[in-house]
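Engineer: Generate coordinates for the entire structure from the input sequences, incorporating the hints supplied.
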Amino acid sequence: MQQLFLRDTSNMQKNDYDAIIIGAGISGLVCGCYLAKAGMKVLIVEKNAKPGGYCTSFKRGGFQFDACVHSLGSLREGGNIRLILKELNLEKRLKIKRYDPSDIIIAPDYKIHFWNNLDETIQEFQDKFPEEAKKIKELFNYINKCEGISLASLRAITFQTLLDRYFKDDKLKAILSLPLLGNAGLSARQISALTGALIYKEFMFDGGYYPDGSIQSFADILVKRFKEFGGDVYFSSPAKGIKVKDKKVEAVEIGEKGVFGTKHVISNADATQTFLNLIGEGTTSKDMVNKLQGLKPSLSMFILYLGMEKNFNSLNKLPSNTNIWFLPYYDIDKMYNSAIEGEVDNLDWFLVRLLSDNKSILMLVNAPFKDEEYWKANKKRLIEVFIKKMEHVIPNLSSHIVFKDAATPNTLYKWTLNYKGAAYGWAGMPSQFAIPGFTQKTGIENLYLTGHWTTLVQGVGGVAYLGRDTSRKILNKGNRS
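In the numbering used here, the protein residues as written are 1 to 481.
Hints should not be assumed to be uniformly reliable.
List time: in silico DSSO-like cross-link candidates among lysine-lysine, alpha-carbon distance up to 27 Å [what the hints assert, rightly or not]:
1. K379 <-> K334
2. K477 <-> K263
3. K414 <-> K296
4. K334 <-> K370
5. K171 <-> K388
6. K414 <-> K257
7. K50 <-> K379
8. K145 <-> K171
9. K370 <-> K291
10. K59 <-> K389
11. K37 <-> K224
12. K145 <-> K128
13. K389 <-> K379
14. K37 <-> K473
15. K473 <-> K245
16. K441 <-> K286
17. K50 <-> K97
18. K389 <-> K420
19. K135 <-> K111
20. K389 <-> K370
21. K134 <-> K145
22. K389 <-> K111
23. K441 <-> K240
24. K334 <-> K389
Here are the computed distance ranges between Cβ atoms for each label pair [said to hold, decoys possible]:
25. A133 <-> K380: 32 to 42 Å
26. K168 <-> K296: 40 to 50 Å
27. K86 <-> D371: 38 to 48 Å
If you're looking for bench data, these hints aren't it; they were derived computationally from the structure. Note that beta-carbon positions come from the ideal geometry of N, C-alpha and C, so glycine has one too.
Structural biologist: Encoded structure:
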């Protein structure tokens, strides 16, 4: 791929902005708020008409749906998102309710709840697996309290290795592996124990939170606060190029707006877009290009959006805003391999969520990228395939549906330009953690990455934290100069 820049920059001012952030995903918005709050002149540019990236909502067929992100975690006292809301003085302005239970896993032999109270969750697991009772308490408490050096020690091993250290029961290990498949697109044998532990700590043990109205409310309040701090936002304005001179960023070309000089560029966009398209393969070092081409993205997703008739929930009694996981058998590796090998019809696990209006349903399952022709030819058929699978959990579901549509991996790509429609950025394997040049600091001076393409974190809580941390790195650098 060749660099898309350059337009004539002769009339460009030395620095139109202190920082330009590419992408109004959660990490970019959080980073922008902190930089603008500190007095920097900041511009956020977004190719879509609304903010949030995957953390958006939309209305269709008279129903409201969340696009991808369907709940929040890390909102306990001291949690990443709670801390950010406090520091940005948004805690009282964004109404958030916590639903209990946050998650239910339905397996062939068990139905297990994740309660807001961790002790209750531990007790439920112990009741179901009495022979593993002591180890269940040990592992859950270890993960919940794990941080710093203890957390870093998990980087080099897989979550399966961690499970094997504690448990003998393969059914228990499969049940504990399912949320990793759903929340990171990897089996326990593939995912880093650090990433798996953080998913449990920040999302399973501290999950169930949902903002008033829709998931879009979270992104919207961040945009509003950013503007209150004096920040500028351009929507429907894709970045077209990043000008780099002598290994230092100088400017960004933005849609039809023109070229803007800047001291710093923070990319909240897909890393392949950043280095190969916006900067250009000819400018990006060969070492970076080779690293980039060797990295593995996460799986994508197939998402159903179902609108139900008014009396649906009175007949089915589904708890609203609770993640219901269906585990049809205990071979997680088989499920993962089906997705990797492109066997879409054999994707048998799924997550179902009834939204708070009690009439809008999401169903999510990891899926391979494939090509646009495949999804065009098979989308309608697969909608019916997965509705039939959902009826194992929700009997007679199809007779209550009045609206149905789906997002394919190709849809996810169009929304975000994420490489291969990746749902979680880079795959969170031990070999892909904290790769030099693909953390926040890059090999180009004053070019930073933030979000789930940094090889550091995943999930909304994780990328929100990273946005805050990226801003601190920039501000601290400025204070030292």
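Engineer: For each hint, tell me whether it holds in the structure or not.
Structural biologist: Verification of the hints:
Distance hint between K379 and K334 is fulfilled; the C-alpha atoms sit about 23 Å from each other, no more than 27 Å. The straight-line distance between the Cα atoms of K477 and K263 is roughly 12 Å, inside the 27 Å bound, and the hint therefore holds. Of the pairs offered as hints, the one joining K414 and K296 holds, with about 19 Å between alpha carbons and a cut-off of 27 Å not exceeded. Taking the CA atoms of K334 and K370, the gap is about 19 Å. The hint holds against a cut of 27 Å.
Pair hint K171 plus K388 holds up; C-alpha atoms about 25 Å apart against a cutoff of 27 Å. A distance of roughly 22 Å separates the Cα atoms of K414 and K257; the hinted pair therefore holds under the 27 Å criterion. A C-alpha spacing of about 26 Å is found between K50 and K379, which places the hinted pair at or below 27 Å, so the restraint holds. Under the criterion of a C-alpha separation no larger than 27 Å, the hint pairing K145 with K171 is consistent with the structure, at around 25 Å.
For the hint linking K370 to K291, the alpha-carbon distance of about 23 Å falls within 27 Å, and the restraint holds. Distance restraint check for K59 and K389: the Cα-Cα separation of roughly 25 Å lies within the 27 Å cut-off, and the hinted pair is therefore satisfied. For the hint pairing K37 with K224, the CA-to-CA distance comes to about 13 Å; that is within 27 Å, so the pair holds. Pair hint K145 plus K128 holds up; C-alpha atoms about 24 Å apart against a cutoff of 27 Å.
For the proposed pair K389 and K379, the alpha carbon gap of about 15 Å is at most 27 Å, so the pair holds. Straight-line distance between C-alpha atoms of K37 and K473 comes to about 15 Å, which keeps the hinted pair within the 27 Å bound. Among the hinted pairs, K473 with K245 is consistent with the structure: their alpha-carbon atoms are about 22 Å apart, no more than 27 Å. Taking the CA atoms of K441 and K286, the gap is about 17 Å. The hint holds against a cut of 27 Å.
Between the alpha carbons of K50 and K97 the distance comes to roughly 24 Å, so the proposed pair stays at or under 27 Å and holds. Simply put, K389 and K420 have alpha-carbon atoms about 26 Å apart, close enough for the 27 Å limit, and the pair holds. Our distance criterion of 27 Å between C-alpha atoms is met by K135 and K111, whose separation comes to about 20 Å. Note on K389 and K370: the hinted pairing holds, with a Cα-Cα distance of about 22 Å set against a maximum of 27 Å.
Taking the CA atoms of K134 and K145, the gap is near 17 Å; set against the 27 Å cutoff, the hint holds. About 18 Å separates the Cα atoms of K389 and K111, which keeps this hinted pair within 27 Å; it holds. Distance restraint check for K441 and K240: the Cα-Cα separation of roughly 21 Å lies within the 27 Å cut-off, and the hinted pair is therefore satisfied. With a CA separation close to 17 Å, the supplied pair K334 and K389 stays within the 27 Å bound.
Between A133 and K380 the Cβ separation comes to about 48 Å, which falls outside the hinted range of 32 to 42 Å. The beta-carbon spacing between K168 and K296, approximately 31 Å, falls outside the hinted interval of 40 to 50 Å. Checked against the given bound of 38 to 48 Å, the beta carbons of K86 and D371, roughly 45 Å apart, stay inside it.
Checked against the numbered hints above, the structure violates hints 25 and 26; every other hint is satisfied.
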